[in-house]
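Visitor: Sequence:
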Amino acid sequence: MDDEKVSELVKRYEEMLRNGEHLYFDTEDIEDIAGEYEYSERYQEALNVVEYGLELHPENPELLVYRAGYLLSLNRIDEAERQISAVESRTADALLIRAAIALARSDTSRAVTYIDALFDTDDFSTDVCLDAVDLLLDYECADNAVAFLQKACHCFSGDDKELLLRELARVYEDLQKNEEAIDIYNRLLDTNPYSYTDWCDLARLLDMQGRYAEAIEAYDFALAIDENNVEIMISKGCCLYDNGNAPAAMRLFEGVLAVAGDQSQTQAMLAACYSHMELYEKAVASLRQAIRFAECPDADLYYRLAENYYNLHDIPRTVESLRQAVEIDAYHVDAQLFLGELEKDSGEWEEAEKRFLFILEIDPENAFAHKMLAQVLEHKSISCVNGERYCQEAIAHYARAVELTRHTNVEMLLALAVAQFKYGDVQEAIALADAIESLVKDPEVLKRMNDENLQELEAFTHLKGFLRDELGKFLDADL
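FYI, in our numbering the residues of the sequence shown are 1 to 479.
A few of these clues could be false.
Claimed, not checked - Derived DSS-like pairs (lysine-lysine); straight-line CA-CA distance at most 30 Å:
(1) LYS151 / LYS161
(2) LYS380 / LYS354
(3) LYS422 / LYS354
(4) LYS422 / LYS441
(5) LYS344 / LYS441
(6) LYS151 / LYS177
(7) LYS354 / LYS344
(8) LYS441 / LYS380
(9) LYS380 / LYS344
(10) LYS177 / LYS161
Treat the hints as calculated values from the structure; they're not laboratory data. Just so we're clear, the structure is a prediction, and the values are computed from it rather than from any experiment.
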């Protein structure tokens, strides 16, 4: 029945209720009216319609199945179970309701038995399959959903089979089995190499797997079908960028600007390419354009603008951009950290302390914030009468930073070692110096270090002379 006729039925039914009348509707009319309420998740009203229908058509098996379903949707599980048990029906709807009740009872085995019985029903269809899969996924039975779909795919051909294969790929992706999903999209494209959506999904998954060259090729096939699709052009540009080809990504984004509706997103991506190529002035220009075109510029645009201003050594505009970022989103931790560090470096100690304390309220495990706050407290100890207390607080924050970086960050360990020597426990400082020495000699630790850690290690080699001079008299051997 078309939408207009269903709307007329609903209108007639609701007028009947308002007028206190008792009109006749056949069973199909009742099902259509209830379906409209179900579509907008008004399950109690849908149940009321069905119960009115049962007054007109007592013991109608289709309406009794609907009643059980709506009781289940209202979480009236015991009533739903009693109702469906009283119905002699083996339709797909009835089996799905029985399966849903079993899953609600945590009886997965019985639910799977009902779902397997769907294959033998007269009304078995792809829609029924999708309903069964959604039900299994709702109860976190993804492996059962995979097994069901694998079997169901053999029951259909043509477009119906392709629909179920795509659903299977989606479930694999939910299970983070991306290679299996990729294999399905390749099978689909072997059958229909002109499927735009399959090329897009294949490219997206290859991109996620870091298989950039293959992803770029898949994006090219998608663009061969729809050459001006801005979303795919941008995705390909991002992939080129991730693959280390920033110049090609930049050229693509520059081309996208001619056809893009969302100038803001494209300008932002173009800015990332410029920044990667150390063309900071161009990056700033693109980000300012991105902000101008955005309906509601987000904090991240201003944060990235600040990064580029900083690389241009324009500290006033860096600070201005960061303040705009935190004004938009006070919980943008990176912007708050950057701003706090600049405040500390410029001697705005009170502002920096407040900012780092705020960051630790919203992100208590931020090691960098702990370290920065410790440095502020060290400075505060010099100018305050109760300086000893601030020294101990500084040591506590350095120690927390070391703990959060799992004793593998040379910079954090060094800061704590020096603080312990100056304000705390000399023996603890010696133990930390030993830990630093062991850390930098362990090849496994070196292998696990990222670029930032390696830079910190280089800094340590320059600073170890200082440690040797300060701690040497307590050490048995040179660092």
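Visitor: Run every hint past the structure and note whether it holds.
Guide: Going down the list of hints, with the structure as the test:
1. The straight-line distance between the Cα atoms of LYS151 and LYS161 is roughly 11 Å, inside the 30 Å bound, and the hint therefore holds.
2. Our distance criterion of 30 Å between C-alpha atoms is met by LYS380 and LYS354, whose separation comes to about 13 Å.
3. Proposed proximity of LYS422 and LYS354 is supported: the alpha carbons are some 25 Å apart, at most 30 Å.
4. The hinted pair formed by LYS422 and LYS441 meets the criterion: a straight-line CA distance of about 26 Å does not exceed 30 Å.
5. Note on LYS344 and LYS441: the hinted pairing is violated, with a Cα-Cα distance of about 33 Å set against a maximum of 30 Å.
6. Using a Cα cut-off of 30 Å, the hinted pair LYS151 and LYS177 holds, with the two alpha carbons roughly 18 Å apart.
7. With a C-alpha separation of about 11 Å, the suggested pairing of LYS354 with LYS344 holds against the 30 Å cut-off.
8. A C-alpha spacing of about 36 Å is found between LYS441 and LYS380, which places the hinted pair above 30 Å, so the restraint is violated.
9. This hinted pair checks out: LYS380 and LYS344 have alpha carbons roughly 12 Å apart, not beyond 30 Å.
10. Distance check on the hinted pair: LYS177 and LYS161 sit about 20 Å apart at the alpha-carbon level, within 30 Å; holds.
Of the numbered hints listed earlier, those contradicted by the structure are 5, 8.
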